[in-house]
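Protein chains in written order, with my numbering: chain L, 8 to 308; chain A, 488 to 778.
Don't read these hints as lab results, they were simulated from the structure. Source: prediction; values computed, not measured. Don't be surprised by glycine CBs; every beta carbon is placed ideally from N, CA and C. Where hints are given, some of them may not hold.
Stated by the list, open to error - Label-pair restraints from in silico Cβ distances:
(1) A:K715 - L:T90: 38 to 44 Å
(2) A:P549 - L:A288: 46 to 52 Å
(3) A:E750 - L:F74: 48 to 54 Å
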Amino acid sequence: MPRVPVASEDERKFIVDGIQSDFRLDGRTSRMYRPVLLATDVVNTANGSCLLKLGGTIVMAGVTFEFTRTSQESPNEGRIEATVDGSGCHSLRIFGRQRHLFTKQISRSLNYILNNPKCFDREQLCVVKGHHCWLVHVDISVLRYEGNLYDACSFAMKAALSETKVPSLQVTHDEETSEVTVDVCDDPFQFGLLNVSNLPVFISVSQVSGIHIVDTTLKEDSVTLARITYGVKDNGNIVYMSKDGGGSLDLLNLRSMSKVASDIGPQMNSLLLDKIHLSKAKQPLWGHVNENLLFDDINFV
Amino acid sequence: MPDSLSSGQQHMSLVVPGTILTNDTSNFMRGHGTYLDSTKTKLKSSVAGCILKVDRLLCVEPKHMRYIGEVGHVIIGRILKVDQTRWIVDTNSRLDSYLPLAAVVLPGGEHRRRIDDDERNMRQYLKEGDLVSAEIQIVHQDGTLSLQTRNLRYGKLSEGILVQVKSSLVKKTKNHFHSLPCGATVIRGCNGYIWICPPTAATASNEQEHHTGGYVRSIETISLDERKTITRLSNCIQILNRYSIPIYDTSIMNIYSASLDYEINQSIEPKIMDILAKQTLATQENIGTYE
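Chain A with its partners taken away, still in its complex shape (with noise of 0.2 Å):
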């Protein structure tokens, strides 16, 4: 994809497999994404991505991949099955991830002891091909990710578009829930995959009664307005994910803004993708807060 956008500096980090990373093999220490060639005099690159170097560490961090868990993050699953006590959940990790039934806030908020009753009643609460926001609870030895759903923030995602991105554009923050001023909800998970649905009660304000954990299924159909926002907001994070420009509120709302000029539906054409990223791009560099 383009990467003639990309800064001077970044280039140069740049390897794709089997790139020379050092001659050195004795004041280097063979970190992830590397291997030592045949003739052990030779330290290269395994995938394609950025070099990291830790002291005598050399990594390479690659591209694309798939996602890590970390405990903490926010993400966005989608369940696969329903097993006996837990769900499980794709989540753009190596390993299937799982939703324990324990993990869940019931319906009503009630804090009890899970009973047979509940374990029958798991596909009414969630069923396959539902759409999840949870938070990794632990991360197992092999990497396999158990998730929770205890705060009302998290639990079922109700109408909106599901856009998947690269995992490693996904900006770390404090908060990962946006209400968007242009009238949107916005949230970015940390495995990869955003979601944009239309604002609701539960994250424009702090108070817990609004939070209903997804449960509640509202009836009211959306307006076309905000349709043509979310779907907006869509087509500009595509395009961020496309040219690599690292997605938070901030950005996402630059380019929402550069693309107001724009038809919704000309912005998947090439040349205005082109120009969107370039405009978004410059205006990051010139408040300083692209990194």
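This is chain L alone, in the form it adopts within the complex (with noise of 0.2 Å):
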């Protein structure tokens, strides 16, 4: 967790009183997420991307896919694998090594949801078993920076790949030879799509003198003393935890954040997923190219 003073003593009291009496300093109330935005298919070059607003952070996630050799322990899987690159954002004001370890803390976290077998079946990205298979990057940037970055790039990952397009192969095995041949096919609208419906967000849950809020703003990371971050699927289960910050937590808080994690997860889960269904049917208005349209929020949903 990034720690900048963007805050007086005064300030930083006038946000504490906020919070206590359930009026954050947009007037949110502490279960509200600041309003999502996105739209898929943004980058030509890549086999599925989102670019995604959570109130002022707004990062891009890219998918492409690299076709490789399948691993020895688990013959029968392909890879996948996130970055979170921070590197090109004015607004993240830390610098140097601690902005590597920030962005880099991210991208382990998405990681290891993305390697989970629970969350996401990497059989699916296997192309011939023991031979060849799918590695996937995800690669996620980092546009502004206006806090809860752990919950804005999963949200962003979960719409990019819900949005990829597999490329379809013919593979032919020759019996005689052994040998086995991959062609690419050569039809472009060809393509399969990948099942992440098993996939969590993360919902980041801070806590402020006792009162437990969601989706802190940069000013409400200055009074923020613990936070962690879940990992939270569509029917409320919890398969990541990670804490943040240098306050401490006894069970009662451990167990009252966990509650409100699996509460809201389920909600934001649905959100992202109409989102997605809209921003696809979207698409084909706008197509490929038109990178300036991304300015203006209409051709978000």
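The task is to assemble the complex, starting from two chains supplied on their own in separate frames and drawing on the hints.
Shown next as structure tokens:
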């Protein structure tokens, strides 16, 4: 959690008082998210992409495929890895090594849920068992940072993966020579889709003077002492947990924070799913190339 | 950001980097934000912004830029460091600004020479992270600003919300301290920092006795109603900034009264923001105050 001086002592008191009366700096209640806006299929060169705005935080996710050999440990599984890059972001006011560590922490969390077989089925990325598989890169870049990067990154990743077009391949197996040939299909409109229905989203719950709030902004981060990021599935099950910040938490707090996360998790999951459907319907309207459209909120859902 | 709201004429003068401003280089002079291309036959824009023409001089004023100070401007700054005899202040300008110890009124309003004790106690008055309202006293050769808070109107800011907007949007007027009829005080810093706080006696009346320079901390907590007004104003000013509408007391009040139809937490939703911005522009044009 970046700790930059964004508020004076009196400002902090104002923020804490507001949270205690369930009225935050922008009028939200403790369990409200900022508006989520997303547009899918925004990058021509990626198999799947998504631009997501969570209030002022803007992230862009792109999914690309690479053809590679399967690993020895898991011969019938493909590989997937997520990276978060914040190097081009001016509003992320952490510099040097700290910035790298901050974004790396997020990509590590994302990789954790991607490599959990209960969350993401990597067998769908296998092309020829024991031979070839896809290596999927999920590249997330931070375009603007105004708090709660964890959740924004996981939303963007889920949206981008659910929209990803897997290139279709023709696998021919020669019985006599036992040679396997893989050909890329000529038709660009023939593609498969990934199953991401089990993929959790991150819900970060912060504790500010005994009250648990979600989706903290940059200013609210300055009064947050402890934060837990939960990975919550659409049925409310928690599959991932990581603590952030120096403050301590007791068991009672932990329990009520998990309760908050598993309450909100299904809501955010279904909201995201709705938005992805809407965005997919909107895609043919504007197709590829026109990046200018991204500056107008009308093109987001 | 949404530019579709601005009128047609403004669209004509908006340029992006690389736009050819003129082919007639002999009759125009190269101003700020422009450059001659390698063939020396075309004058091009080097920033994104509005064209400004003064006789033969051609300039481009960037839309997003760091604040360029002028003497007498009211600004809001955040203390970055406490130095030997001065505070180093962030004022959204290219270089850090300075607030010398000699340029503040000491608590109690004593007028005397600053002694070593004062230097030692500097952190008690203002420490890192604190916000101050101040006036620009000197603009140095390199653009560094020297500030002063000699008037008791200026000084440390207590509880409230700071909103950061584009400095070009803050309309320069006679008064930058407004106590709005909706029950809040707004200080529009020319550097794009806008401070919203509960109404204080200091700005409500002109009597000097009420001014404390902010060094006396009040222990009263802010009521929920006041907090709601402040939050609504802060959301409204952020909408004005997003839609590039000039920010001054009338425009703030216009958008505030338009936003009363909605809940406060609705005014961060893009659709509502769009409606509010359009309503504000419409009322401004009706009254004829929009420039």
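| request: Could you say whether the range 46 to 52 Å given as a hint is met by the Cβ separation of P549 (chain A) and A288 (chain L)? | output: violated (38 Å)
| query | Is the gap between the beta carbons of E750 (chain A) and F74 (chain L) within 48 to 54 Å? | reply | holds (52 Å)
| query | Is the gap between the beta carbons of K715 (chain A) and T90 (chain L) within 38 to 44 Å? | reply | holds (42 Å)
In this structure, only the earlier hint numbered 2 is contradicted, and the remaining ones agree with it.
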